[in-house]
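Enquirer: Protein chains in written order, with the UniProt record's numbering: chain A, 1 to 210; chain B, 1 to 210.
It is possible that part of the hints are untrue.
Since the list gives no way to pick out one identical chain from another, each pair is judged satisfied if it fits inside one copy or across any two copies.
[Stated by the list, open to error] When the alpha-carbon atoms are kept at most 27 Å apart in a straight line, the in silico DSSO-like pairs for lysine-lysine are as follows:
(1) Lys153 to Lys18
(2) Lys202 to Lys18
(3) Lys153 to Lys202
Calculated from the structure, these hints are not laboratory results.
2 protein chains.
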Amino acid sequence: MDRTGLLIILSSPSGAGKSTLARRLMEWDPALGFSVSATTRSPRPGEVDGQHYHFTSQQEFRAMVEAGQMLEHAEVFGNFYGSPRAPVETAMREGRDTLFDVDWQGGQQIRASALGGHVVSIFVLPPSLSELERRLRARGQDSAEVIEGRMEKSRAEISHWAEYDYVLVNDDLDETEARLRAILTAERLRRDRQGGLGTFVKRLMEEDRR
Amino acid sequence: MDRTGLLIILSSPSGAGKSTLARRLMEWDPALGFSVSATTRSPRPGEVDGQHYHFTSQQEFRAMVEAGQMLEHAEVFGNFYGSPRAPVETAMREGRDTLFDVDWQGGQQIRASALGGHVVSIFVLPPSLSELERRLRARGQDSAEVIEGRMEKSRAEISHWAEYDYVLVNDDLDETEARLRAILTAERLRRDRQGGLGTFVKRLMEEDRR
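The task is simple: from the sequences and hints, build the whole structure.
Expert: Okay, here's the thing in C-alpha cells:
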C-alpha cells in the first residue's frame, strides 16, 4: 500500500454546522483521523485535554512553532491555535486521511506547506447570516457583544470562500453530510491519490502472458 | 444560472461494464446528456439511428470533420467514429453535463480541445483480463478471431489509464456505480464548477446591512 493520506481541510464560520459535520464524517469513516489542535486558551467546561484540544502554555506553544512542529498556527482573540505536524505526517505515511477543523488562516498555511499537494479543502457556507446569528444565540453561551464579535469574524471567514476546492451551502445537515462523503469518496478515487494502481495495471497486463 | 456543463469522459476496454454504468448514471440523473457518436460503420441489429449512433456516410463524416463540427474523431477497425460538437456546446451553455463513451483517442482529443477545462475523465478497469475475455465470450456475438482483436485493443486501451482524472476497478457493478455517482456529485461541488456562488456570497454578506 503506497497510498499517501490526504489532508482534508474543513472551514466555515462558527455556527454553520462544521463541528457536527466533522463528527458525522468521523463516524462514517472510523479510519479518518482528526487533527487535534494545540491551543494556549483555557479549557472550557467539558473540554478534555488531548481530545478537544492539546492545552499548552504560551511557552510550550512558542517552542513547538520555533522547532517547526506546527503545520500551521495563528492568533485568534488573543489566543494561539496550531496543528501539530507529527501526527499528520504519521497518518499520511500510513495512508490514513486527516481531517482539519481550521479557519482560513490555517487553511492557507497548510496549503502553502510542503504537504500542500495532499490537501483537499472544503468550505461550508451557512444558508444565511441571520440563520447563523440565530444559531449562535440559541447556544446561549455568549453575550451579545461576544456574538457580535463572532459575526464579524464569520464575515471575515466567509470572505475567503474562494480559496477552497469545494464549497457547500449547509441548507440541510443530512444533505451536506452526504455531499461531504461524496467528496471524500471521489478524492480517494483520483488516479494520483490512489496507491498501487500502477502495480495493479502492470499485473493486469502481464496476466495472460504467464 | 451561470454554471457551465461538464464533459464527463468514461473510457474502458470493452467488456469492463462501461455501457451498463453509463446507462445507470443516466437513469440516476435524467438531466445528464449523452453524446451520441457519429459513425461510418453499418448499424448492427437493433441499433437505432440517432439513439445508439448517428449513422453517416464517409462523405458526410469527412465534411463534418473539415467544418470543425467534430469535437474528436478517430478510425477504429477501418470505421470512423466522432463526437458532434454542437449538442455538447448547447448543453454546456445550458448548464447540463454531457457523458461521453469514448476511447483513449477521443479522451485525448476532447481534453486537448478548447473545452478541455470542463472535462472530468474516468477510466474503468476490469478486475482481470481473463474476466474481460470471459465476458466478451459470454456475449456470444463474436468469433474467436474478433475476440482476440478486441483483447489486443483492450490492452492498448488500458495502457492509457494514467491519462485519466479518476480510475475505478469494476469489481462490483453496484459499488462502481456508487463511486461514479460520488465523482459526479463531488465534481459539481467544486468551487470553480459551480455557477452563481459569487453572487450567493455577495448577497449573504450584504444581508444584515440592508
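Enquirer: Now tell me, hint by hint, if it's right for this structure.
Expert: The hints, checked one at a time:
no., hint, in the structure
1, Lys153 to Lys18, "within (15 Å within a copy, 48 Å between copies)"
2, Lys202 to Lys18, "between (42 Å within a copy, 21 Å between copies)"
3, Lys153 to Lys202, "between (52 Å within a copy, 16 Å between copies)"
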